[in-house]
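Here the structure of chain H is known, so what remains is to put chain W with the ligands in place on it, guided by the hints.
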Amino acid sequence: MTWVTKSTAAPDSTTILRGLSSRKRVPLGSEIYNRLLETLYDEAAALDERRFDDWIAMLSPDLVYQAPIRMTRTGANRDRDVMRTMFHFDDDYTSILMRTGRLQKSAWAEDPPSRCRRFITNVRVGECDAAGEYEVVSYLYLERSRGDNPHNEQLTAERRDVWRAVDGGGYVLAKREIIVDQSVLGMSNLAVFL
Amino acid sequence: MLQQASLVLRDGTTLDDLIMRDTNEVSLRVMTDEELYSHEMERIFAKTWLLLGHESEIPKSGDFIVRDMAEDNVIIARDRDGSVNVTLNVCPHRGMRVCLGEAGNKPIHQCIYHGWAFKPNGDFIGAPVEREKMHGNNVDKATLGLKKARVHLYGGLIFATWNIDGPSFDEYLGDIKYYMDQLFCRTDNGLELLGPPQRFVLPCNWKVPGEQSGSDGFHTLTLHRSLMEGGVMGGTAESIYDQAPGMYGVDVSCEQGHSLRCLEAEKTFKMFADVPFEGKSVEERLNLLTPPGITKEMIPQLFKNLSADQVEQLATIPPQVGGMFPNILIAFIFAPRTDGGSSGALALHTYVPRGPNQVEFVNFIFAEKDAPEQMKRDMLQNSVQQTGTSGTIEQDDADVWPVIMRNARGGVSKHMTLKYQALHGHERPEGWKGGGLLYPGFTKDDTQWNWWMAYHKLMSEA
Ligand code: FES
Ligand SMILES: [Fe+2]
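Going down the list, the protein sequences come from chains H and W.
Residue numbering for the first sequence follows this note's numbering, beginning at 1 and increasing consecutively.
Residue numbering for the second sequence follows this note's numbering, beginning at 1001 and increasing consecutively.
With the rest of the complex left out, here is chain H (with noise of 0.2 Å):
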């Protein structure tokens, strides 16, 4: 998702888009998703396991990379949450870049680290209409624990993906919205990756 909304924090100008949008499905269990499915489980390890090398080699150098925030809203503006103006997360490779970076030196945030677990589940793949690339919509369940703290911290989500095929196989992350189901987040900082 681009920035196609201008710059507004009158909730109303925002788009309902949610779920798969391409109409052409890339069927369950098809040579395709078994592998779009393994490279998410991949994924999900590389990011759990704090291998952020492998990660970065997955993403393609024009990502966007974006959570919107979710709101409350009734009426006939019930279904219009998702707020495409404001953001948990507003990054291309080069802040990721910055972030992974970061992540290696000095970031008290997680260091020490929070132990996490990426549930990756409910994956739906349609064909973009560019050749080779795919629109891949999964959840996303988050447990974290951090410190001594027996209870972890959870987050749950809609990702919308769009991943590209590469020379030589395999695939790379060009687009993820995040749809995080909070309006106000139970997780006390986002200093991983969803």
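To be clear, the hints were calculated from the coordinates, so they are not data collected in a lab.
All clues given are correct.
Keeping only pairs whose Cα atoms sit at most 20 Å apart, straight-line, the calculated SDA-like set for lysine to any residue is:
{"hint": "1", "chain 1": "W", "residue 1": "Lys1060", "chain 2": "H", "residue 2": "Gly75"}
{"hint": "2", "chain 1": "W", "residue 1": "Lys1106", "chain 2": "H", "residue 2": "Asp79"}
{"hint": "3", "chain 1": "H", "residue 1": "Lys105", "chain 2": "W", "residue 2": "Ala1244"}
{"hint": "4", "chain 1": "W", "residue 1": "Lys1060", "chain 2": "H", "residue 2": "Thr74"}
{"hint": "5", "chain 1": "H", "residue 1": "Lys105", "chain 2": "W", "residue 2": "Arg1225"}
{"hint": "6", "chain 1": "W", "residue 1": "Lys1419", "chain 2": "W", "residue 2": "Phe1442"}
{"hint": "7", "chain 1": "W", "residue 1": "Lys1119", "chain 2": "H", "residue 2": "Thr74"}
{"hint": "8", "chain 1": "H", "residue 1": "Lys105", "chain 2": "W", "residue 2": "Glu1238"}
Cβ pair distances, simulated, as ranges:
{"hint": "9", "chain 1": "W", "residue 1": "Asn1163", "chain 2": "H", "residue 2": "Val184", "range": "24 to 30 Å"}
{"hint": "10", "chain 1": "H", "residue 1": "Pro112", "chain 2": "W", "residue 2": "Arg1021", "range": "34 to 40 Å"}
{"hint": "11", "chain 1": "H", "residue 1": "Val184", "chain 2": "W", "residue 2": "Ser1006", "range": "33 to 39 Å"}
{"hint": "12", "chain 1": "H", "residue 1": "Glu143", "chain 2": "W", "residue 2": "Glu1430", "range": "54 to 60 Å"}
{"hint": "13", "chain 1": "H", "residue 1": "Pro113", "chain 2": "W", "residue 2": "Thr1236", "range": "23 to 29 Å"}
{"hint": "14", "chain 1": "W", "residue 1": "Ser1239", "chain 2": "H", "residue 2": "Ala76", "range": "55 to 61 Å"}
{"hint": "15", "chain 1": "H", "residue 1": "Gly147", "chain 2": "W", "residue 2": "Arg1428", "range": "44 to 50 Å"}
{"hint": "16", "chain 1": "W", "residue 1": "Thr1295", "chain 2": "H", "residue 2": "Asn122", "range": "43 to 49 Å"}
{"hint": "17", "chain 1": "W", "residue 1": "Ser1168", "chain 2": "H", "residue 2": "Ala76", "range": "36 to 42 Å"}
{"hint": "18", "chain 1": "H", "residue 1": "Gly147", "chain 2": "W", "residue 2": "Asn1073", "range": "29 to 35 Å"}
{"hint": "19", "chain 1": "W", "residue 1": "Leu1009", "chain 2": "H", "residue 2": "Val184", "range": "27 to 33 Å"}
All figures in this text were calculated on a predicted structure; none of them were measured in a lab.
From the three backbone atoms N, C-alpha and C, an ideal C-beta is built for every residue, glycine too.
Chain W with the ligands only, in chain H's frame:
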């Protein structure tokens, strides 16, 4: 002689036992005590002015947003006459919330329980089945409106208070207004909120981030050392404590507990290390290092809206970070680029109490309304990447505060004290134009101690 504080907790502890004015210490117990918290709700949050949002969130008649004044949920609505109204979101009938959404547009707010209806200004319209007088047999409708707060708009920021006859907003701001105006009242069309605020909760008392908002500059060197490692601020990772970038300036404050850190911007940034600012005119300086959010084309507006002295300060030693008592943090962060451009980040936070053990961090991100769209875009990105939920600066703050909170619960730990004993004392730098309490040189504990003194003062007044 120190005036005797009138607050006494059930176990006999007085306010002066908790806030030790003779030694400049504060007992860690203040962060967890439930009884103290309930007094704070009445003596601070029901008394002082609180920041709720910005006018640009409710541009049209009928537009509304819902926010919290501490634990009291309120509706902020624009009425047909253009006025901004703040009313308690509690139905006077049986206590249901009248407005369940966070934002929208409604000419009439109708409670979903029994259907009582209210105007955007809170006035009672009526109950369904009018002929049956379900609002009461002999009750005057004029008494059945939503409870109204007193509202003040400052630079488009919406402030409200329950203290209807209390101090005016200007009295609340005091001497800090001269400096705040340089941030909030400097352009023709003012600031614009770029989107609804980020919201998240932290497991700590509101005063843990609160006391830091009293201009704790010192923590930046250690907690935010990644700023130096990343090469943004002056100095290198090895020389952080030698060079102490961003530490020397003039901290300004006032007895109301507000404060701002004024810093010579060029000294904060590596890229200006070799650029001579000495001897340059105010215009030349503003062109070299334009305040965050301002374009070079907007510079004449500064001269129009501010006094010559205020513009000179903005060009020389601008206010950059600080806070307003009790629970507002201000960050007007410079972000000069090597291509000569500058966008920066403009963010305000409120730390809204949600019980003694929890605080909601509300992050408002701004740009100047007149700025070009691309600049707004840059500022949004800068602010999101540095502040709030995923901000690389404030991630680290959010990591510290809950840990302090856990410590404050220990039977032994809670008697430890927060120390504000590194004091400079008020001193007026030569040629300084603004008023208030002034602390030139290395940033010390004075402004944060003033924050606690403002706290002490309000808590002593029943
Ligand atoms: S509680 Fe609102 S109408 Fe009864
Ligand atoms: Fe900080």
